[in-house]
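Position chains B and C against the provided structure of chain A, taking the given hints into account.
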Amino acid sequence: SSPEPSSQVEPRADEKPAGYETLVVTSEDGITKIMFNRPTKKNAISTRMYEEIMLALKAASEDKSALTVLTGIGDYYCSGNDLTNFTDIPPGGVEEKAKSSHILLRNFVQCFIDFPKPLIAVVNGPAVGISVTLLGLFDAVYASDRATFHTPFSALGQSPEGCSSYTFPKIMGSAKATEMLVFGKKLTAGEACAQGLVTEVFPDSTFQREVWTRLKAYAKLPANTLRVSKNIIRSREREKLRAVNAEECITLEERWQSEDCMNAIMNFLSRKAKL
Amino acid sequence: SSPEPSSQVEPRADEKPAGYETLVVTSEDGITKIMFNRPTKKNAISTRMYEEIMLALKAASEDKSALTVLTGIGDYYCSGNDLTNFTDIPPGGVEEKAKSSHILLRNFVQCFIDFPKPLIAVVNGPAVGISVTLLGLFDAVYASDRATFHTPFSALGQSPEGCSSYTFPKIMGSAKATEMLVFGKKLTAGEACAQGLVTEVFPDSTFQREVWTRLKAYAKLPANTLRVSKNIIRSREREKLRAVNAEECITLEERWQSEDCMNAIMNFLSRKAKL
Amino acid sequence: SSPEPSSQVEPRADEKPAGYETLVVTSEDGITKIMFNRPTKKNAISTRMYEEIMLALKAASEDKSALTVLTGIGDYYCSGNDLTNFTDIPPGGVEEKAKSSHILLRNFVQCFIDFPKPLIAVVNGPAVGISVTLLGLFDAVYASDRATFHTPFSALGQSPEGCSSYTFPKIMGSAKATEMLVFGKKLTAGEACAQGLVTEVFPDSTFQREVWTRLKAYAKLPANTLRVSKNIIRSREREKLRAVNAEECITLEERWQSEDCMNAIMNFLSRKAKL
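Chains as they are written, first to last, in the working numbering: chain A, 77 to 351; chain B, 77 to 351; chain C, 77 to 351.
Just chain A, same shape as in the assembly (with noise of 0.2 angstroms):
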């Protein structure tokens, strides 16, 4: 038998488009895919990286396809916030950059909020931070066994984003939610399945061929109607989801200037410039 084909999707320059740096974005089938491409970071979101969704997403909300996909080029799918974004301190200082990056944060999150088509997670790797918290969000996720699903917020002196203080409880219960997103425990990918935040897993050897099998039959489906199923389940929520993504927000700021925070981030930058 023929050894299966890895999981992995090597980043193709050809297919990125002159406006982005640091994702690769096609769309054919029926499908537009927004593909994390900073691999050599393990996918963390720099700034640019922020910006660059948001505008991927807006453009994929206004095209043509049924379906929109979020997936990683590389070994992660990724690794959450890059906590380098915590070194370029502007001129207002600690208090100026917690306010920027809590306006940041807050018109990222909404733009999921607000997604107009369904949208699907390809998690190919393991997922860290908002990268998970996000997923709540999400209208389907299909992972590779291969993945896992971590979220240590409180080690780094921070709190839960994403909507995810709402979700996540809503959708596994607060006794396996807190375990997350308080104590930081880490998920497999069948564990992540069987609490309900993940749709399948399937083995990494067949994962990228099963997925796109099974993508490409979904949006053969009448387009509009998916939109119009997709909004009488999410649009009841939008409201409630705008407020908690809000309020987590203005949490995240005031955390973002405490002691917790800044000692962790402090420590991390400073192992980091050791190695």
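Just so you know, these hints were derived from the structure itself, not from any lab.
Quick caveat: nothing in here was measured; it's all calculated off a predicted structure.
One or more of the hints may lead you astray.
It does not matter which identical chain is used: a pair holds within one copy or between any two.
[Unchecked claim] In silico SDA-like cross-links for lysine to any residue, where the CA-CA straight-line distance does not exceed 25 angstroms:
#1 K118 / F344
#2 K262 / R318
#3 K296 / N339
#4 K175 / R303
#5 K262 / N339
#6 K262 / P279
#7 K262 / N300
#8 K246 / Q271
#9 K246 / E276
#10 K292 / H226
#11 K261 / N300
#12 K246 / I165
#13 K117 / T160
#14 K134 / D158
Okay, now just chains B and C, sitting in the frame of chain A:
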């Protein structure tokens, strides 16, 4: 060892009260049993059957039984809305048909929202469409391992009803709910149980015996206490569920007049005519 | 290999502060541990014990610990409300007793709703009644595989409390919640975990060792960040939970004066008297 009896209940004409054409209704051992009785149509719900189920639920809510059970006669639990309902177009045309269907559906679902005693589904075989979505309004759901759960709304240009756009994400999280309600994924009984839609699954060979033994024991609990306890769990949600039902029916009225839906039903009926 | 120690904690008189008759409370390694200490009564909650748990929670909320844990001494976690509480009828009769029980219960549950730090249950053995329903208000629940979860309210003519009429359907969906809360189905630890009521199950032989190792690690996370993160998950629900608690207590006050309940308790006490 002697062979197990099949879980399929044969229609027994002697149990059929004069009033019902599409149901068999019995009441004994503290349990009122409403049985779908169109086995040659896979228990598809005709306009007449919608009306009769509402009458049977009204009668059950007022009788002395402690529990009310819905189940199917024959191979199927229920194959959902009888699509030939759509062929009976009134003088007012498709618009009038969509309006009257909206009212019928809203009243029908309302009977399940408001039902005052524990309501139990004994899912003896495949369940489709509205017979699946309504399960979110039942207080317990027992399934044979022969049962499947399928809501192919999008392929028919339609959108979720039976309050499923609210109850399913609450029960299983939106990553699992969307795959069922929007993409039409068919679940096995075991999958539906793992996701919380089904209370327990039994082997088909012992299904009827095990379920009725259990239900007879439950029916011996004090009937008034059962009502009070169901009520404290459910009454808090009733107003919300009524609003969801109204919203889903408005959306469906619009869907039924859409090109997506009319094409799908025309295809279905022409395939059927050729058989 | 040496034999594993039993998961059962023996009462240690030297740890019992003067103030508590029914509890042992310790505080070390950042963890305040409140232990039910009526092992010969299967840790049934007497009126005195309700009062002492409230005092112990108040003290824990104000001490320097990061986490608060509830657990049982002996074979049981807790067998629920001590039914002999019902025999202490005041001059005002059953009506006055029902009224004062309502107030005691409401205040007791309120302490769990409002508790400001991560609250963890270490369920060392069977849990019954209110000790089960309250678990929906805990932030993590670890269970020995010897634990069971049982709420036989209907057989006693009573109805759900501890906010379970709201938290249980949210955690496990109503098809599973009703079987527990209305029909009194007893769950194994594994079942309770699959349904999201329990965070994780451990073999009894290694239960104490594994759980305390984990909790000591969690207690090293920054305490203030833990409070903030619990708060953002829970505070949004507090007003709702207070209303649910009030409603459940009103219903129970009425239930306690019902024939269903008085018959059941009379039977229970007369069986007990004959032993």
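Okay, the hints, checked on the actual structure:
1. K118 / F344: within (16 angstroms within a copy, 49 angstroms between copies)
2. K262 / R318: Neither: 27 angstroms inside a chain and 32 angstroms across chains, both beyond 25 angstroms.
3. K296 / N339: between (51 angstroms within a copy, 15 angstroms between copies)
4. K175 / R303: between (35 angstroms within a copy, 22 angstroms between copies)
5. K262 / N339: Classified as within: same-chain Cα gap 22 angstroms, cross-chain 47 angstroms, threshold 25 angstroms.
6. K262 / P279: Both. Shortest intra-copy (19 angstroms) and inter-copy (21 angstroms) distances satisfy the 25 angstroms Cα cut-off.
7. K262 / N300: between (38 angstroms within a copy, 22 angstroms between copies)
8. K246 / Q271: For K246 and Q271, both the intra-copy (11 angstroms) and inter-copy (13 angstroms) Cα distances are at most 25 angstroms.
9. K246 / E276: Both: 18 angstroms inside a copy, 18 angstroms across copies.
10. K292 / H226: Close across copies (20 angstroms), not inside one copy (29 angstroms); limit 25 angstroms.
11. K261 / N300: between (39 angstroms within a copy, 18 angstroms between copies)
12. K246 / I165: For K246 and I165, neither the intra-copy (36 angstroms) nor the inter-copy (42 angstroms) Cα distance is at most 25 angstroms.
13. K117 / T160: Within one copy only: 11 angstroms inside, 58 angstroms across.
14. K134 / D158: within (22 angstroms within a copy, 40 angstroms between copies)
In the structure shown, a violation is registered for the earlier hints numbered 2 and 12, in ascending order.
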